[in-house]
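Take these sequences, add in the hints, and give me the full structure.
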Amino acid sequence: MIAAELALQKLFDRFLAQPEQNAELLSQLTITIKTFERPLALRRLVESIQQFYPRVRIVVVDDSAEQLQLDGVTTITMPFDSGVSAGRQRALEAVETRYVMVLDDDYIFTRRSGLVPCLRYLQRNEAVDIVGGERIDLPFYRINDR
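For the sequence shown, the working numbering begins at 1 and goes up steadily by one.
Among the hints, erroneous ones may be present.
[To be verified] So the derived label-pair ranges between C-beta atoms look like this:
1. 27 <-> 89: 21 to 29 Å
2. 66 <-> 104: 16 to 24 Å
3. 74 <-> 106: 14 to 22 Å
4. 66 <-> 18: 29 to 37 Å
Since the hints were made in silico from the structure, they are not lab data.
Ideal Cβ placement from N, Cα and C applies to all residues, glycine included.
Structure (structure tokens):
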């Protein structure tokens, strides 16, 4: 079922334009991902980010028994089962850019993942501290890597 849902999402995606690119804005963003024992989900997420935003800095904090090393990703290893809060805090400590995006490992990016409009909005509205986007639920998309 998961494969069918993802395939349907990718098929729908083909009819949409590529997400807007803006190297200057995207260079000001770090995407952080906290993961634990879900290497397939992590790989799927990172590959989807790199497909649409190949130059965005990605920081992964991993407290799994075995860490997955991915190209183009900064991986921070933590003691086994350190917890999501400790992992997210460690990820934020590694951020050196103006903007940060905090993700769980069970997301995927599509052509509708419009980072540039969000960054532009933040840039133009200094009083705004946080923005969010639409999340599409796939009813049968459950992550169980192990």
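Evaluation of the provided hints:
For residue 27 paired with residue 89, a C-beta distance near 24 Å keeps the hint of 21 to 29 Å intact. As the Cβ distance of residue 66 to residue 104 is approximately 19 Å, the hint placing it in 16 to 24 Å holds. With their beta carbons about 20 Å apart, residue 74 and residue 106 fall inside the hinted range of 14 to 22 Å. Judged by the Cβ atoms, the range 29 to 37 Å given for residue 66 and residue 18 holds: they are separated by roughly 35 Å.
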